[in-house]
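A.B. asks: Listed here are the chains, written in short residue letters.
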Amino acid sequence: MRAGRAWVVALAFCATMCAADDAVLIRNADVYPVTATVMKGVSLLIQDGKIVEIGAKVIAPKGAKIVEAKGMRVYPGMIDSGTTLGLSEIGAERVTVDTGELGEFMPQLKALIAVNPDSATFAVTRVNGITSAMTYPAGGRGGGGGGRGAAAPQFIAGRAAFIRLSGWTWEEMEILRSAAMQLNFPSIAGRGGRGGEGAEAPESGRGPAPFTEAKRQYDQQIKKIDEFFDAARQYQKERTANAPGFIKDLKMEAMLPVLEQKEPVAITANRERSIHDAILFAEKHHIRAVIVQPHELGKMAAELKSRNIPVILGRTEALSENEDDPYDKEMTLPAEAYKAGVKFAFGTFSNEWSRNLPFNAARAVAFGLPYEEGLKAITINAAEIWGVSSETGSIEKGKSADLIVTDGDPMELPTQIKRLYIKGKEVELTSRQVELYRRYMERQ
Amino acid sequence: MTKKLLFGILALATLRAEVTVIRNATIVTESGKGTMKGSILVRDGKIAEIGENVLTPDGATVIDANGQWVMPGIIDCHTHIAVDGNMNEASVSVSSMVNIKDVIDPEDIAIYRALAGGVTSANVLHGSANSIGGQTIVLKMRWGQDADGMIFEGATPGVKFALGENPKRSGNPQPGNGNAPLRYPATRMGVEDTIRQAFNQAVAYKAEWDTYDAAVKSGQKSVAPRKDLKLETLKEVLEGKRYVHAHCYRADEILMLIRIADDYGFKIRTFQHVMEGYKVAKEIAAHGAGASTFSDWFGFKMEVFDATAYNAAIMQKKGVLVSVNSDSLNGELMGRLNTEAAKSMKYGGLSREDALAMVTLNPARQLGVDNRVGSIEVGKDADIVIYDKDPVSEFAKVQKVLIDGHKYFDRDQDVSGRAAREAEKQKLLEMEKRTQGSRGGAQ
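As they're listed, the protein sequences go chains U and F. Per numbering that gives the first Met the number 0, residue 0 is the first one in the first sequence, and the count goes up by one each step. Per numbering that gives the first Met the number 0, residue 0 is the first one in the second sequence, and the count goes up by one each step.
Here chain F stands alone, though its shape is the one from the complex (with noise of 0.2 Å):
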């Protein structure tokens, strides 16, 4: 243990010590100075200066990124990547209880494949089965980490909503489990009751403890509370320390989702894939949600008819903070965001930076961590992606990854690699072979 924590400190020094300069790069920032020809110094895992020329200090890693581009880390607003098995707690449509913090699993490969595709962050959450799911959780693609290593420190934690077809499809028999019993809710009309109840019993169960704390405040001897570890969180959300990321489709399940937050003031942070999200940007708007959807996903089930691949364009227009996100179990989608985010150029009309900032900075504003990602900005965190060419074409490649200052991927170790890994799983299948052999087959 002591050992482990020696290592461990060793390590952070050796992070913290890192200075990195990556070198004529084409520089998308996502702040004021736009898009950029120049340099970029890191230091102790945050960005100490970008410029034309910056002076290369002694013993620092060179990155010559001539003729490259430079971008933020990419930031995935939803994801459900690196989860160590079943993503529901489908038992009950309200299991504000459960924590995705719990069951983070760091040698998921899809994390080192996001990676790959120039992903620094993402927000992971659990499936949409609930009317209120679980607490999710920001990561850092900090891969080689531990669980709690790869948490993305001080990032306000979340609670998944699901609206529509998934929250009411967990309440009927399906094929292939028609003995599944009935679970309430079963309509978009249930789903609402079954949020309101809920908030019912919070506000209650939030007066409660306002009373009790008031008290202990105040000197008085009090009896506290029950906690309730299910209204807790709903607690959270009502007191603005918790986000609401709220899965839904269709135009009349957000709108009803807006009004139930406004009766109970509370605030929705994001609307999840959101694909009629277009049809009701004005009221999204109004209500300060952010909006993450897929770049260009319809006609797999019923209630994504009428989704558009210029929802994320018209939404932004209309003045919502919109975002692009994978949805990835497998980190495939997470390996393409940048171009993802480019297709609102072909379907609206944007300019790089707008499109490119639809997983980058303003991913980062959804989750509350703008102060610390999201831009190449003096000051942030060093989590930079490398590209070959221009993110924004389907010909480029993610050279390399940096979070916190330090390189996390690399495409040409990737590649170089390759044979030498392959050897050594040879090797240990082989060693697989013997041992069973000498077993004699028994089982």
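If we strip away everything but chain U, and leave its shape as in the complex, we get (with noise of 0.2 Å):
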């Protein structure tokens, strides 16, 4: 007992006093920084949590730990850009959800405070080398999905949340705790099947609405939404002007910064017509957009680029729903948007797949993206695209510390995460998932 005491105050004593206890020396490895060509046999200096030296000759400081990295690779942790990690542990079971909260319009809320840092899923994705995501509050029909949202349709589901995969609490693991309100665009249901529009079909069996139909409760929807928006354009002049009678609101408050364009609205729309709307919809109401999740980008893509509208594609693992597009639609998307010049980072708007993002990127390379491209749509694109580049995504610098050593590419799939630091801390690579493997691999 006594003895541990002293353990503890040495440690005390030397925490304030041994300035390099936190360092890190990765020597001899190949830095891969995304941002600039790769570096060959360097050594890297970890130190408070930032990346402080990349160089041939970097001088450890007393105290550091030296980790041996010849042969090894060292990569930017990487992003990904639409998640529900930490609001939701097992899909079916709504209790243990936490997506998709009642409401047609809920800027007011924010996912960061339901996060929930002691979720199996942040290791499970971790161990494959994903140092931060997205986190989205997901109502509607789009979002990070794994929630069982209410029947009625969610426009503004509330803001969403860029954080790292470790912490011990949502204050320690947040970067940004309003990277974006999340607006779910309306889409018009059209005819679903063969030859159709590919929209989803009531489950009723009874054919699709006809379209004059779905387009009217379209039209009412995206009235809806810029009847709000036009409320919080009037609330922002009210409170500027300190008029008479002004109360604040909550709902409204959340509006400011979207209406500043200090935060960008991540808007999911699928189809052609709805970003064509959405690109619209943005313009009018002068907002900064993110389009999410497009199934398609078609003559949309002339338009987001000349717009400056950064887009996150979804999982390249996925089919086009109508079946008379090509087999390998969703794979080539990304190429497409490349060719377009359209700025755009991946999310897998699961959490199960999560870990798998940097497969997805390997397969739109394999379907026509350069390699660069898909590196950068899984780490320094989705960092700028969120304003945190200055903080992460890229090997540089001055930035966070979180970055990966590994065997080989980590888009390839028999590649090995070796080490993984976040924040500058080395993680264990462990998880639920390797614990069950190692605790039944010694049954006899």
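Wrong hints could be hidden among the right ones.
Derived BS3-like pairs (lysine-lysine); straight-line CA-CA distance at most 30 Å [what the hints assert, rightly or not]: (1) U/K328 to F/K226; (2) F/K379 to F/K316; (3) U/K328 to F/K379; (4) U/K328 to F/K388; (5) F/K316 to U/K417; (6) U/K109 to U/K247; (7) F/K300 to U/K109; (8) F/K300 to U/K298; (9) U/K298 to F/K424; (10) U/K328 to F/K396; (11) U/K298 to F/K426; (12) F/K424 to U/K214; (13) U/K338 to F/K388; (14) U/K338 to F/K396; (15) U/K298 to U/K49; (16) U/K338 to U/K56; (17) F/K205 to F/K226; (18) F/K388 to U/K342; (19) U/K417 to F/K388; (20) F/K396 to U/K298; (21) U/K214 to F/K226; (22) F/K316 to F/K281; (23) F/K45 to F/K406; (24) U/K342 to U/K304; (25) U/K328 to U/K304.
Computed list of chain F residues with no C-beta within reach of chain U, every gap over 12 Å [unchecked claim]: (26) T60; (27) L228; (28) K229; (29) E421.
Per label pair, the in silico range of CB-to-CB distance [claimed, not checked]: (30) F/T186 to U/G48: 49 to 55 Å; (31) F/R168 to U/D47: 24 to 30 Å; (32) F/V61 to U/R93: 57 to 63 Å; (33) F/K432 to U/R93: 41 to 47 Å; (34) F/T60 to U/D117: 57 to 63 Å; (35) U/T168 to F/G416: 55 to 61 Å; (36) U/I112 to F/K406: 55 to 61 Å; (37) F/Q425 to U/L279: 24 to 30 Å; (38) U/L279 to F/T186: 51 to 57 Å; (39) U/I112 to F/N199: 53 to 59 Å; (40) U/D406 to F/E376: 29 to 35 Å.
Note that these hints are calculated values from the structure, not bench results. By construction, the Cβ of each residue, glycine as well, lies at the ideal position given by its N, Cα and C atoms.
Dock chain to chain to rebuild the complex, using the hints, since each chain is given by itself in its own frame.
C.D. replies: Next comes the structure, spelled out in structure tokens:
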């Protein structure tokens, strides 16, 4: 007992006096910064959670942990731009799911404060090299999935957070608590099935609603959203003018960063037509848009490019719902976006598949995307789109040490992640799945 | 009719005359030959020769696969593609009288999309609403043929069982279906009882028939028992003529079914999904059952909370015959089963050959068709996939797929034919618009 106490005192002493005791020197590694060309056989120094030096000759401060990494590679930790990590544990069990709150317009909701740091999925995801993610409140039709939302449509689901996949509390995991406002843009449910629009057919089996009826519904929904944004703009004016009788409203307060273009709106829009309308909507209300999970781009690719609207592409491990489409339509979409000059990152839009993020990027490469662009779309592009590129997304001096040490290309399946650092702290490469493996291999 | 038949015979004749040589490939044989550089001669739908150098007969089609990889056609042990309509006869929990063979839709686009992923054979099963579901069928992905033409001739038929949450849940009113009547069973205890009750009946039914058959054999006059199509299926299970493919997740229910099978003297051919198979790998191996699992699914429902991506590797290391399946409805996962199998290299450190066996030779053995398919060996069906890269690479794409020596998928042709197909579609849509216009909008 006494000895233990002495240790604690000694540790506390060291924590204040030994400045370099959290320093790590990764030696002789091939560093893939993503933002620059590969540096072979260099050393990388981590201190105070940051990358402080990269080069052929880096002197390790006294007390630094030395990691020999000859033949190993260092990449930035990967970023999944579409998840509900921490908010949803077991999709089919509603009590374990915190996505999809009730209400049509809920900008005041924050995904961050519902993130359960002990969700088993965090470790499962991060041992595959994913160190941060966007986590969405995800109601309505789109977003992060996992939630069984309300039957009524939800337009504004709340604010998505950009988080690290490690920390004792959600505050420690936070990189950006309001990285984006999530807007589920309506869509016209067209004819499903053969030769149709491929939109979801009603479950009643009575066939889809006629186009005119679907269009009428769609127009009504757009009008509702317009009115909400108009009301927010009006609120902003009254607030600025300190108009008589002004009362603070939490919904409207949450909209202010959006109206000031400080916070982007992540607009879920799947089809060419909805993307078209979403672009016009963003222009009309002077907001900064990120288009989320489109399944086609078509003529909209050029529009997105000309307006500098970035896109979050979903999994390439997917198929078009329309049977007339080429079998590889979802796999070639990233190459199509790249050729049009559209800036994009990948999201898996599922917690279960978040760990397969690099394989989705690889599949895009197999179907025509340049390799470097695939890597960027799961690292730096994501950081830039969400406004955290000064913090993470590449291996650069001054950035947070969110990085992985691997024995090969992280986009290839047989590659093993050997070490993982989040904010400079080495995270043990274990998860519930690894522990079960170890335990049951021992069963005789 | 005669015309159709004649055409069929002609088509068959052309197929039979096909000779193809795949040259200079890296061949993952999944046989004693391992992975080798060489060529394959295909004749009359069969693999005729494999070697470093193979002579090309006159008139043979030559596929130059220099720098490319060749492996046996992928076999998917668990799919729901090509099924016309509902997957479950959910009114009763023992529905062994129904047969998926009766509702095969040969025009389901999922067949083509599976082909594009290198799948050449697939086990097609009912859903998992029932403790004892329906009869299953193995298909070859012969896109363009009718339903009968797709059936893998000679493959042992199966029957689907299901344990755990799904058959249980089918007994409980669900949100959105609150008026659904309660159906027994609603617990794992009830599922066990349901299966036991069915086999209790089947044993008595079989005894009746055995007595009758013996009487007939010895020349006695006897009245045949009444046929019961539900029990007939289970009688075949008892006789070892029909395979049991059992949907399951948790270790307790896997063990439960093994003990029922032990008690009634039949075998479980495969445990399907079997995400906690790693916990009872010893018992599965001792029973002699195979396991057909997902690579890395987890967390979507309570009974997969203990799922681990290491499942396939653990079971394999503990002596279970393991395959990796898609459970696919639309063919998506069938489009990339090679990399699904390769996940056992990442999670568990298996070799390339052991990993790829999980979607080729192992499922062939589980379905009892390994005398025909599953490896590249002389005498086997020429069901072959050609990739542009190592099939365990995420960067690899399927280039060509042969079934019975005949080319059913060719990526180059697929891509180059797209413009023409799109033009044809637009023409048809125009025609549709015109006809609708001429009807004056009347409905």
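A.B. asks: Determine for every hint whether it applies to the structure shown.
C.D. replies: Here is what the structure says about each hint:
Only pairs whose Cα atoms come within 30 Å are accepted, and U/K328 paired with F/K226 is rejected, the gap being roughly 50 Å. Our distance criterion of 30 Å between C-alpha atoms is met by F/K379 and F/K316, whose separation comes to about 28 Å. The suggested pairing of U/K328 with F/K379 is violated, with an alpha-carbon distance near 34 Å, which exceeds 30 Å. Under the criterion of a C-alpha separation no larger than 30 Å, the hint pairing U/K328 with F/K388 is consistent with the structure, at around 21 Å.
Distance check on the hinted pair: F/K316 and U/K417 sit about 23 Å apart at the alpha-carbon level, within 30 Å; holds. Only pairs whose Cα atoms come within 30 Å are accepted, and U/K109 paired with U/K247 is accepted, the gap being roughly 18 Å. Distance hint between F/K300 and U/K109 is fulfilled; the C-alpha atoms sit about 25 Å from each other, no more than 30 Å. Proposed proximity of F/K300 and U/K298 is contradicted: the alpha carbons are some 40 Å apart, above 30 Å.
Taking the CA atoms of U/K298 and F/K424, the gap is near 19 Å; set against the 30 Å cutoff, the hint holds. The hinted pair formed by U/K328 and F/K396 meets the criterion: a straight-line CA distance of about 14 Å does not exceed 30 Å. Annotation: proposed proximity of U/K298 to F/K426 holds, straight-line Cα distance about 21 Å (limit 30 Å). About 24 Å separates the Cα atoms of F/K424 and U/K214, which keeps this hinted pair within 30 Å; it holds.
The straight-line distance between the Cα atoms of U/K338 and F/K388 is roughly 24 Å, inside the 30 Å bound, and the hint therefore holds. Under the criterion of a C-alpha separation no larger than 30 Å, the hint pairing U/K338 with F/K396 is consistent with the structure, at around 21 Å. Simply put, U/K298 and U/K49 have alpha-carbon atoms about 42 Å apart, too far for the 30 Å limit, and the pair is violated. A distance of roughly 40 Å separates the Cα atoms of U/K338 and U/K56; the hinted pair therefore is violated under the 30 Å criterion.
Taken as a hint, the F/K205 and F/K226 pair is honoured in the structure, with Cα atoms around 11 Å apart against an allowance of 30 Å. For the proposed pair F/K388 and U/K342, the alpha carbon gap of about 29 Å is at most 30 Å, so the pair holds. The straight-line distance between the Cα atoms of U/K417 and F/K388 is roughly 26 Å, inside the 30 Å bound, and the hint therefore holds. Proposed proximity of F/K396 and U/K298 is supported: the alpha carbons are some 27 Å apart, at most 30 Å.
The straight-line distance between the Cα atoms of U/K214 and F/K226 is roughly 56 Å, outside the 30 Å bound, and the hint therefore fails. Taking the CA atoms of F/K316 and F/K281, the gap is about 10 Å. The hint holds against a cut of 30 Å. For the proposed pair F/K45 and F/K406, the alpha carbon gap of about 13 Å is at most 30 Å, so the pair holds. Using a Cα cut-off of 30 Å, the hinted pair U/K342 and U/K304 holds, with the two alpha carbons roughly 8 Å apart.
With a C-alpha separation of about 20 Å, the suggested pairing of U/K328 with U/K304 holds against the 30 Å cut-off. F/T60, annotated as away from the interface, keeps every beta carbon of chain U farther than 12 Å; the closest lies near 24 Å. Distance to chain U confirms F/L228 as a non-interface residue, since its nearest Cβ pair spans about 28 Å, more than 12 Å. Every beta carbon of chain U lies more than 12 Å from that of F/K229, the smallest distance being close to 28 Å; the non-interface claim holds.
Not every CB of chain U lies more than 12 Å from the CB of F/E421, the least distance being 8 Å, so the non-interface label is violated. A hinted range of 49 to 55 Å for the beta carbons of F/T186 and U/G48 is consistent with their spacing of about 51 Å. In this structure the hint that F/R168 and U/D47 lie 24 to 30 Å apart at CB is violated, the actual value being about 52 Å. Taking the beta carbon of each, F/V61 and U/R93 are about 59 Å apart, inside 57 to 63 Å as hinted.
In this structure the hint that F/K432 and U/R93 lie 41 to 47 Å apart at CB holds, the actual value being about 45 Å. Against the hinted window of 57 to 63 Å, the Cβ-Cβ separation of F/T60 and U/D117 comes to about 59 Å, which satisfies the hint. Separation of U/T168 from F/G416 is about 56 Å and conforms to the stated range, judged on CB atoms against 55 to 61 Å. The supplied range of 55 to 61 Å is met by U/I112 and F/K406, whose beta-carbon atoms lie about 57 Å from each other.
A C-beta distance of roughly 27 Å is found between F/Q425 and U/L279, which places it inside the suggested range of 24 to 30 Å. At roughly 54 Å, the beta carbons of U/L279 and F/T186 sit within the given window of 51 to 57 Å. U/I112 and F/N199 have their C-beta atoms about 56 Å apart, which keeps the hinted 53 to 59 Å range intact. At about 34 Å, the beta-carbon gap between U/D406 and F/E376 stays in the expected band of 29 to 35 Å.
When each numbered hint is compared with the structure, violations occur for hints 1, 3, 8, 15, 16, 21, 29, 31.
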